[in-house]
Amino acid sequence: MDYAQAKERLLTRRAELIGHLTEVEHQLDEQPPKDWEDFSSERQGDEVLEALGHAELNELRRIDAALARIGAGSYGFCLRCGNDISAARLDVLPETPLCKGCAAETA
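Position 83 (the sequence shown) corresponds to 83 in UniProt numbering; numbering is contiguous.
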């Protein structure tokens, strides 16, 4: 497992998330329209943006935790059982703290 490459991928995704979360925050801070129908429609859009923002914040937390594990030298090891997390799994989910078996048990 190339930890430098994993770290770079995580940092790139982190920057993307922060950029998008900033955009979402600005959109949510915009003045609501005075027209009731427009306001209702925009409110529904705001709810979608808020849900997306929460999901992205959760992903950001997982990325920060993965970066901390890289720094501590524990990246690539399952937090639950201590076994190696497969390189294939880390390629797909570089922020994952669990091996495939433990992730299946907790799902």
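Simulated from the structure, these hints should not be mistaken for lab results. Beta carbons: idealized from backbone N, C-alpha and C, even for Gly. Don't take every hint at face value.
Unchecked claim - Quick list of the computed label-pair ranges, beta carbon to beta carbon:
id	residue 1	residue 2	range
1	Thr22	Gly82	35 to 43 Å
2	Ala68	Thr106	17 to 25 Å
3	Arg13	Gly73	20 to 28 Å
4	Leu57	Glu8	33 to 41 Å
5	Phe77	Leu11	18 to 26 Å
6	Cys81	Gln27	37 to 45 Å
7	Ser86	Glu16	38 to 46 Å
8	Lys100	Gly19	24 to 32 Å
Status of each hint after checking the structure:
no., hint, result
1, Thr22 - Gly82: 35 to 43 Å, "37 Å, holds"
2, Ala68 - Thr106: 17 to 25 Å, "20 Å, holds"
3, Arg13 - Gly73: 20 to 28 Å, "21 Å, holds"
4, Leu57 - Glu8: 33 to 41 Å, "22 Å, violated"
5, Phe77 - Leu11: 18 to 26 Å, "20 Å, holds"
6, Cys81 - Gln27: 37 to 45 Å, "42 Å, holds"
7, Ser86 - Glu16: 38 to 46 Å, "25 Å, violated"
8, Lys100 - Gly19: 24 to 32 Å, "31 Å, holds"
Figure legend: structure checked against the earlier numbered hints; hints not met, in rising order: 4, 7.
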